[in-house]
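Given chain A, work out where chains B and C with the ligands should sit, using these hints.
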Amino acid sequence: MAALELEGVVKDYAGVRAIHGIDLKVEDGDFCVFVGPSGCGKSTLLRMIAGLEDITGGELRIDRVRVNEQRASERGLAMVFQTYALYPHMTVWENLAFGLENIRTPKAEIKERVTRAARMLQIEEFLGRRPKQLSGGQRQRVAIGRAVVREPRVFLFDEPLSNLDAELRVAMRREISALHRRLGNTMIYVTHDQVEAMTMADRIVVLKAGRVEQYGTPLHLYNEPANQFVAGFIGSPRMNFIDAVVDGTDAGKVTVRDAAGQAYEVSVDGSGISPGQEVTVGIRPEHLEVGGDKGHPVSVQSIEQLGGQSFLYCETPDGTQLTAHFVGQTSMRRGDKAHATFRRSFMHLFRKSDGKALKRLEIGEAAI
Amino acid sequence: MTFASTAVRTVYQAAFNSLERPLLFVQNLVGMRRVAWMFLLPNLVIFGAFTFLPIILNYFYATTGSDAILLSQRPYVGAENFRTLLACKDYLDPNTCQQDIFWRAIHNTAKFVVLQVGLMIVFSLVTALILNRDIVLRGFFRGVFFYPVLLSPVVVALIWKWVLQRYGLLNAGLEEAGLSSVNWLVDANWSFFWIVFVTIWAHMGFYVLILLAGLQAIPSDVYEAAEMDGASKWRVFYRITLPLLTPTMVVVLVLSLIRAVQAFDEIFVLTGGGPGTATTLILHYIYETGFAARPRLFGLAAAASILMAAVLMVLTLLQLAVTRSRAEG
Amino acid sequence: MATVLNFLTRRRGRHGFDLTDWLSWAYLVFGTVLMFGPVLWVVLSSFKTDAALAQYPPTLLPFAAKTVAVEGYDKPLELYRITGGEYQGRHLAEIRRIGLVAQMVDPAEPDKRLKVNIKDRQPEQALAFAVSNYTELFSRFNFARYLWNSVFITVVATVITVLFNSMAAFALAKYKFRGRTAVFLLIIATLMIPPTINLVPIFLVVSKLGMVNSPWGVIWPAVATPTGVFLLRQYMLTIPDDLLDAARMDHASEWRVYWRIVMPLSAPAIAVLTIFSVMWRWNDFLWPLIVLTRSEQFTLQLALNSFQGELQTNWSHLLAMTVLTLLPITFVFAFLQKYITTGIAQSGVK
Ligand SMILES: Nc1ncnc2c1ncn2[C@@H]1O[C@H](COP(=O)(O)OP(=O)(O)OP(=O)(O)O)[C@@H](O)[C@H]1O
Ligand SMILES: [Mg+2]
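Chains as they are written, first to last, in this note's numbering: chain A, 5 to 372; chain B, 38 to 366; chain C, 43 to 392.
Next comes chain A alone, as it looks inside the complex (with noise of 0.2 Å):
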């Protein structure tokens, strides 16, 4: 059980910075995912909490230790590897051991802790085999085997459900999470899939470019992101956004409008802004109402009927492209005209200049 602290954390590699000082605290107990685009430092963060890579600058901390100087095996850590990382030349039982082993644990400690964590995974048929005689799915249940005999204080994943198909995703995703449930040890666990940060995490760690753009509760992510950028990367399918210039700012709302001309009303806090100023509209297609004759004007460009569920595709009159998500089924057809509904306390507003969200006074979803 441990709580991870991390203060101005900094990594360079040969003189070009990765990571740009990222101050988190992972609470004991926790479920932390960090979720970002590729490239953007995840791994980079991961490896340099687990001790594969040097710490630049900055202090990372263990239950208020200092762990800087201290290597991968004196962490008390545990990784999963996105290739899972088996030994290749040992078998399953011995891929559980050899942790175990290089502290000289006693024999039948070892024993009792590889057979519980095989039982515990459902691995127990295969620990005579080598790792090439498993299936995808296995493979990664010994990935994860191989961390919980350790007995670890902290957990770290990173993507570890990238190379399984979509349906085993799902499956090894409750795993984890009933895993964390039983154990209630730290995990961190990296992914580039925001569905799999917001079905597991606690908290969700939003990076890009080697910094935080958000730290939160999943849910507090979706309702109030922070800026453009996690408002977008956050929910599936992305958020709409709009183009817009405020127009006017009132006690309680911030009127915009669009190329078009079109009028927005959002709900929003309107003291960091003033007319004439270039702002971005967001609403999230779940929110978005097409049909009925009030509203914006729009053009059905194409449908997606799942059958419980549907996605409609359309266009503004100056070529913006919106998308709207409901549940049921529609009777619209391809270039069908429309009319979308934008209700002001579902609806984010975003300052051009920095992406920066204003903070919302009403929100839709807690309504619901």
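Simulated from the structure, these hints should not be mistaken for laboratory data.
Do not take every clue at face value.
[Stated by the list, open to error] Below 30 Å or equal to it, Euclidean Cα-Cα: the simulated DSS-like pairs (lysine-lysine) are: (1) K212/A <-> K218/C; (2) K136/A <-> K216/C; (3) K136/A <-> K380/C; (4) K218/C <-> K157/C.
Positioned in the frame of chain A, the structure of chains B and C with the ligands alone reads:
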């Protein structure tokens, strides 16, 4: 088998266990950052002592005289050794040179390199082309041509010495066929022929192997396309196989050149450089001058090897350039 | 017969056998005779007695004169078949030869001496393998000593080569450190400097270290092979770094990472280097010739060379020794041909 593998594993484990503690100590001492040097050290020490240091020392030997091995006892003579080697009225006539054997060796080496490399390439290409065909027992035949590559030069030389001796198999066969026998290794021209032949016999399999790999790297769809175009066999060979094989051929050329310049072992045992100096090559001269003859003229040997090194350097750079352009192309 | 011909003329896929196929076959058969023939001839010859070796023209197989023990004679006598004259068709033993006449005796009637013209008799010969050529190598010559020297040098040098080269390759393949490229280039550069051009100064180093006439004088200069480092490094580059990191997370020291993870996973490349190294050291000639001058330190190759250099070449023993020297390599070849050939084809070294 299981016993053997258990034994190997036990030894392996024991070696590991005995070395781990001291090395862990070193690892902690030097820190993770320099741990790579710990792994490099043994090899680098040996490279240093037996390769890099000698390169420098070679220069000092070449510029000093006398038969002392210790450099401190050797008087400095400047370029004297090189002058001795190069003192020649007519470079085409070794008899006019001060070190006539050196120049004979150079002449012989030049002749040997041209003949041996030329014939080697022709024969290994023919063999590789044939072995690349759809023939049963292909694996067996490949082994046949490769087998002599593994034999030691001394064994190769003795095998042929036994076949070629005055009352040997070859002469018996010739007489059986009604021809007259020849004292192969006593006749100057014949013994030169035989050193070329025997070195080709011994090393051809290696080049066949490389050429075969090159041939097999030519994608088969190229041939199929040519067949669709109705190209004749010879045309396919000239217009497809040969051009696509050229890079491999160049590698073979350069490798065999480097080897031929340094040829020694088989020839030393087969002919001893004779009759006379008819088959004395440059490395043989260096060995004789520096180690076999008394007094040992280390300076002259070192100077000669520097000249040889210059030639090898050019050839190796050529090889590197070729390999690189092949890797990029 | 037809099936054999059918088998030999079969080609994968297509049918039909044309002129070029016949030429190819002729070439390959001739090549096989040329490549294996001399070796086989030496093997057969090595079983011949001195008398059979001196016979000209030689017989293919090792024949020796048949002898019989005849009552009243201490030594066994050579047996002849009589082809003409008075005793035609009988088998007689020769007592001695005087000019053109041989004194002979019938083993059945040992008292009677018979005179036979030497033109009328043919020696009776039987296939006889002169194993004594081999056994005497051990009893009369120091063969065991040479064999031990060769085995010692080969085994020790190979173990050290594999160890040192794989350590260096590991460092170059799996660590990032300042000077890595420089070290790698330096090692590659030594590919350009074959030991043959540094004979004199290497000899100085070896003699300074007191290793002249010691197997170590052959072993140490040979163990740091650039070829080996290069070969192993290229192979180790293909081992994923994640595996090493996983081992580090598993509390493995760097040495343990190397020994338990990288070495076992490099087994194919290490096998190739091992085979190469065994071949190199077993076949080494010039350098041992320079360093080892005392005959009790000779390797097999040196012993062979000094044997053949003697004034009166003792072929019977020399041939036996040659066969014993080529035997281990032949076994290696027979069992590991595939390994060796792919290793060479891939790395382009020998
Ligand atoms: N060894 C290295 N040397 C130099 N730069 C590196 C090194 N490793 C990573 N980087 C750089 O650091 C940045 C972060 O890389 P990192 O591997 O952490 O990305 P990531 O978020 O894990 O991406 P992905 O989702 O694709 O795995 C990248 O820009 C990468 O190019
Ligand atoms: Mg990554």
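Going through the hints against the structure:
no. : hint              : result
1   : K212/A <-> K218/C : 27 Å, holds
2   : K136/A <-> K216/C : 23 Å, holds
3   : K136/A <-> K380/C : 24 Å, holds
4   : K218/C <-> K157/C : 93 Å, violated
In the structure shown, a violation is registered for the earlier hint numbered 4 alone.
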